[in-house]
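Novice: Listed below, chain by chain, are the residues.
There are 2 protein chains.
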Amino acid sequence: MTPQELIAGFGTLDGELRVGGVPLSRLAARVGSTPFFAYDRVRLDARVDLLREMLPARVELSYAMKANPMPAVVQHLATRVDRIDVASTGEMHHALDTRIRPDRVSFAGPGKTPAEIRQAVAAGILVEVESTTELKRVIAAGDELGIAPQVAVRVNPDFAVKGSGMRMGGGPQQFGIDAEQVPAVLAEFASSVDILGFHVFAGSQNLNAEIIAEAQRKTVDLITDLAAHLPGALRYLNLGGGFGIPYSEKDRPLDLATVAAHLGELVDGPIASRFPDASPVIELGRFIVGECGVYVTRVVDRKVSRGKTYLVVDGGMHHQLAASGNFGQAIRRNYPVVVGNRAAEADGDSVTVVGCLCTPLDLLGDDIALPPADIDDLIVIFQQGAYGLTASPTAFLGHPAPAEVLV
Amino acid sequence: MTPQELIAGFGTLDGELRVGGVPLSRLAARVGSTPFFAYDRVRLDARVDLLREMLPARVELSYAMKANPMPAVVQHLATRVDRIDVASTGEMHHALDTRIRPDRVSFAGPGKTPAEIRQAVAAGILVEVESTTELKRVIAAGDELGIAPQVAVRVNPDFAVKGSGMRMGGGPQQFGIDAEQVPAVLAEFASSVDILGFHVFAGSQNLNAEIIAEAQRKTVDLITDLAAHLPGALRYLNLGGGFGIPYSEKDRPLDLATVAAHLGELVDGPIASRFPDASPVIELGRFIVGECGVYVTRVVDRKVSRGKTYLVVDGGMHHQLAASGNFGQAIRRNYPVVVGNRAAEADGDSVTVVGCLCTPLDLLGDDIALPPADIDDLIVIFQQGAYGLTASPTAFLGHPAPAEVLV
Numbered sequence: 102m103t104p105q106e107l108i109a110g111f112g113t114l115d116g117e118l119r120v121g122g123v124p125l126s127r128l129a130a131r132v133g134s135t136p137f138f139a140y141d142r143v144r145l146d147a148r149v150d151l152l153r154e155m156l157p158a159r160v161e162l163s164y165a166m167k168a169n170p171m172p173a174v175v176q177h178l179a180t181r182v183d184r185i186d187v188a189s190t191g192e193m194h195h196a197l198d199t200r201i202r203p204d205r206v207s208f209a210g211p212g213k214t215p216a217e218i219r220q221a222v223a224a225g226i227l228v229e230v231e232s233t234t235e236l237k238r239v240i241a242a243g244d245e246l247g248i249a250p251q252v253a254v255r256v257n258p259d260f261a262v263k264g265s266g267m268r269m270g271g272g273p274q275q276f277g278i279d280a281e282q283v284p285a286v287l288a289e290f291a292s293s294v295d296i297l298g299f300h301v302f303a304g305s306q307n308l309n310a311e312i313i314a315e316a317q318r319k320t321v322d323l324i325t326d327l328a329a330h331l332p333g334a335l336r337y338l339n340l341g342g343g344f345g346i347p348y349s350e351k352d353r354p355l356d357l358a359t360v361a362a363h364l365g366e367l368v369d370g371p372i373a374s375r376f377p378d379a380s381p382v383i384e385l386g387r388f389i390v391g392e393c394g395v396y397v398t399r400v401v402d403r404k405v406s407r408g409k410t411y412l413v414v415d416g417g418m419h420h421q422l423a424a425s426g427n428f429g430q431a432i433r434r435n436y437p438v439v440v441g442n443r444a445a446e447a448d449g450d451s452v453t454v455v456g457c458l459c460t461p462l463d464l465l466g467d468d469i470a471l472p473p474a475d476i477d478d479l480i481v482i483f484q485q486g487a488y489g490l491t492a493s494p495t496a497f498l499g500h501p502a503p504a505e506v507l508v
Numbered sequence: 102m103t104p105q106e107l108i109a110g111f112g113t114l115d116g117e118l119r120v121g122g123v124p125l126s127r128l129a130a131r132v133g134s135t136p137f138f139a140y141d142r143v144r145l146d147a148r149v150d151l152l153r154e155m156l157p158a159r160v161e162l163s164y165a166m167k168a169n170p171m172p173a174v175v176q177h178l179a180t181r182v183d184r185i186d187v188a189s190t191g192e193m194h195h196a197l198d199t200r201i202r203p204d205r206v207s208f209a210g211p212g213k214t215p216a217e218i219r220q221a222v223a224a225g226i227l228v229e230v231e232s233t234t235e236l237k238r239v240i241a242a243g244d245e246l247g248i249a250p251q252v253a254v255r256v257n258p259d260f261a262v263k264g265s266g267m268r269m270g271g272g273p274q275q276f277g278i279d280a281e282q283v284p285a286v287l288a289e290f291a292s293s294v295d296i297l298g299f300h301v302f303a304g305s306q307n308l309n310a311e312i313i314a315e316a317q318r319k320t321v322d323l324i325t326d327l328a329a330h331l332p333g334a335l336r337y338l339n340l341g342g343g344f345g346i347p348y349s350e351k352d353r354p355l356d357l358a359t360v361a362a363h364l365g366e367l368v369d370g371p372i373a374s375r376f377p378d379a380s381p382v383i384e385l386g387r388f389i390v391g392e393c394g395v396y397v398t399r400v401v402d403r404k405v406s407r408g409k410t411y412l413v414v415d416g417g418m419h420h421q422l423a424a425s426g427n428f429g430q431a432i433r434r435n436y437p438v439v440v441g442n443r444a445a446e447a448d449g450d451s452v453t454v455v456g457c458l459c460t461p462l463d464l465l466g467d468d469i470a471l472p473p474a475d476i477d478d479l480i481v482i483f484q485q486g487a488y489g490l491t492a493s494p495t496a497f498l499g500h501p502a503p504a505e506v507l508v
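Chains A and B, in that order, give the protein sequences.
Using my numbering, the first residue of the first sequence is number 102, and each one after it goes up by one.
Using my numbering, the first residue of the second sequence is number 102, and each one after it goes up by one.
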């Protein structure tokens with residue numbers, strides 16, 4: 102998507118980008134300091150509404166809070182989604198603070214310790230086990246606490262998903278139990294604990310609707326095979342998510358209508374006939390929050406070095422690891438950057454936007470066209486609602502933590 | 102360096118790695134939780150002693166605390182080095198808490214705000230300006246506070262240093278004032294503020310002694326040219342640092358004797374004759390602390406997926422961004438990893454060590470030979486004294502912060 106398309110998504114007033122309806126310079130004054138992250142509540146609601154409108158009614162929407170664990174965001178989304186997925190007991194505590202019922206909180210991720218599993222079982226949340234070791238720990242915690250644990254098996258599928266930003270299924274993986282091992286695991290443990298169902302998650306940040314649809318079809322087939330080995334009915338059917346958002350200008354948004362159409366066929370067909378007791382779960386983080394957030398930082402210095410113009414801002418890679426190109430990318434590509442208080446002005450000469458860290462890694466926009474900007478202008482990086490602040494090394498070089506606001 | 106060489110550096114007792122003389126399992130019991138970072142005080146002292154012994158006596162040693170800002174480490178090193186370099190006012194506060202005099206604390210880094218410069222001038226620390234804008238801010242803060250500021254100019258040299266992990270000089274840069282612009286800047290501002298001298302820093306993490314020596318020679322020549330434009334004598338001569346440490350097995354340690362020999366010629370020759378009022382400063386972070394620290398994490402799960410064996414540990418990339426390959430590396434290479442409580446055992450089959458984060462980025466050791474390890478064994482990553490904890494996204498996925506101990 103282009104910066105202009107992204108600006109239009111938030112809207113402008115008197116030439117300034119608006120977030121949550123508030124012009125950016127006013128928002129900066131309200132926050133009182135730069136840099137900061139701002140999340141737009143109206144856009145957040147619109148995103149959930151869009152998913153509700155397009156996805157089959159029987160689909161349950163789970164928010165993967167690892168994408169953005171800001172408590173206000175989690176609390177707000179808890180009033181709009183059906184489930185929350187957590188990746189740690191730290192996240193679990195925040196999820197339990199919301200109105201979502203504990204049995205609608207799922208806990209996934211490798212390497213869960215006995216202590217963490219004990220906490221999860223005591224809380225009554227759904228533990229998605231990633232190995233036989235974890236399953237044994239769940240059973241032990243249930244026995245010790247006198248609680249029937251909520252448990253499902255995360256499955257490492259026997260197929261891979263192409264085109265994902267990160268592949269998390271197929272071949273050897275640290276995630277889940279290999280599909281072909283699952284029948285033996287169920288045969289051994291299903292008499293000791295009530296296993297509700299399965300979670301298959303094959304990859305994240307995918308922008309290709311057909312590939313997502315194909316993965317969902319294969320997932321339903323795989324779970325059909327595995328469910329035959331359960332002693333009771335399948336009651337948990339987590340199809341994963343992996344819906345991507347566009348970061349670079351070349352990226353096109355995911356065709357949600359196509360994903361929804363294919364999913365509708367699955368829901369009305371095999372899922373309805375085979376799994377009458379399970380609502381399919383779609384688990385999304387980045388797709389819900391990613392496009393609703395911006396990172397706002399102020400120009401502190403403008404300098405020309407050997408013909409190249411630099412805008413030095415008061416933020417940087419300590420809040421923007423992914424935008425700096427240091428979070429899982431093989432090749433750095435610019436994230437969309439604009440001058441938020443000059444959103445209606447024409448681009449001038451190219452500039453390079455760097456952060457305030459004393460390292461050449463701290464690069465936010467390399468040789469990009471922007472309206473002429475100088476000290477005190479507000480530089481905005483889009484698509485920062487997910488994997489922004491918490492996925493960055495905030496303590497690096499000892500700068501203050503940025504504010505986060507839900508507007 | 103090989104894992105065996107690294108183990109020998111710390112020493113063992115009854116087959117266990119020792120840190121600060123304490124066997125690892127006992128240290129883990131003392132800390133009370135894993136994962137943790139442990140820094141060895143004896144090795145820290147030995148490193149400073151080595152530098153003192155080999156470098157010319159007139160050289161002042163500055164500790165770049167961005168490498169490891171743990172307060173206990175900074176306090177300890179403050180009793181052993183001559184200067185501390187800070188990269189933010191946050192770091193400045195910690196440096197001022199030590200016995201180092203304020204005028205021996207330097208503050209470098211692009212994008213210093215007027216408020217930060219005002220704090221630094223009020224503290225009486227040495228501000229290394231990275232642009233004309235910053236120089237004007239220093240003068241303004243001095244005028245406002247009625248204080249004569251301590252100030253030096255950081256220079257972007259007209260040469261580049263090959264073989265650095267990160268190039269930070271030569272060509273266009275956000276760092277420093279271009280060498281060819283410095284005479285004009287001095288002509289304009291040297292009557293308004295007393296400029297003590299210059300800092301030239303050309304690159305970091307360099308393992309080639311000849312290249313470092315060549316950069317130091319060129320730096321002295323460059324500063325000689327620039328010093329002619331100062332109205333008074335040169336009193337600050339910061340030659341940078343950039344001494345690297347070995348991370349992968351193929352890396353060989355820096356030949357410090359060669360660096361020292363060349364530096365000795367510079368100190369006894371041009372520096373003594375041209376700059377009688379300045380002691381050359383060598384600024385080191387990683388080289389002082391990097392090899393003194395280890396990261397210790399416990400195996401939580403061992404699983405085999407489609408023929409590949411995984412050790413899942415309770416730490417991960419949220420504390421080990423560089424080891425996971427996501428901090429400035431174009432190609433991921435394994436950091437040195439051992440089983441700390443089985444330091445004397447022979448290697449078994451290859452395993453892959455992954456962290457507890459729910460992302461395939463969380464890879465700590467890819468297909469490495471280790472002694473057979475299982476749940477509760479202690480996995481150690483070496484060379485973790487610098488750019489470890491603070492250079493990692495600690496809040497990612499909401500796991501607890503690791504402990505840090507100086508033993």
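To be clear, the hints were calculated from the coordinates, so they are not data collected in a lab.
Be aware that a few hints might be false.
Copies of the same chain look alike in the list, so a pair counts if it works inside one copy or between any two.
Restricting the straight-line Cα-Cα distance to at most 20 Å, the calculated cross-link-like pairs of lysine to any residue (SDA-like) are [said to hold, decoys possible]: (1) K319 x A109; (2) K319 x P354; (3) K409 x S374; (4) K319 x D259; (5) K409 x L507; (6) K409 x P273; (7) K319 x Q105; (8) K237 x G272; (9) K319 x A173; (10) K351 x G116; (11) K237 x V294; (12) K319 x A361.
Novice: Each hint: holds or not?
Specialist: Comparing the hints with the structure gives:
1. In the homo-oligomer, the alpha carbons of K319 and A109 never lie at most 20 Å apart, since the shortest distance is 37 Å inside one protomer and 52 Å across protomers.
2. Neither within a single protomer nor between protomers do K319 and P354 lie at most 20 Å apart by alpha-carbon distance, with minima of 23 Å and 51 Å respectively.
3. In the homo-oligomer, the alpha carbons of K409 and S374 never lie at most 20 Å apart, since the shortest distance is 64 Å inside one protomer and 37 Å across protomers.
4. For the homomeric pair K319 and D259, the shortest alpha-carbon distance inside one copy (9 Å) is at most 20 Å, but the shortest distance between copies (59 Å) is not.
5. For the identical chains of this complex, K409 and L507 are neighbours neither inside a copy (36 Å) nor across copies (44 Å), given an alpha-carbon limit of 20 Å.
6. Taking the shortest alpha-carbon separations for K409 and P273, only the inter-copy value of 6 Å comes in at or below 20 Å, while the best intra-copy value is 46 Å.
7. Within a single copy, K319 and Q105 get their C-alpha atoms no closer than 38 Å, and across copies no closer than 47 Å, so neither meets the 20 Å cut-off.
8. When the C-alpha separation of K237 and G272 is checked against a cutoff of 20 Å, the pair qualifies neither within a copy, at 24 Å, nor between copies, at 59 Å.
9. Proximity of K319 to A173 under the C-alpha cut-off of 20 Å is found in neither arrangement, the shortest distances being 36 Å within a copy and 54 Å between copies.
10. Taking the shortest alpha-carbon separations for K351 and G116, neither the intra-copy value of 26 Å nor the inter-copy value of 55 Å comes in at or below 20 Å.
11. In this assembly of identical chains, the alpha carbons of K237 and V294 lie at most 20 Å apart only when taken from the same copy (10 Å versus 70 Å across copies).
12. Only within a single protomer do K319 and A361 lie at most 20 Å apart by alpha-carbon distance; the minimum there is 16 Å, versus 64 Å between protomers.
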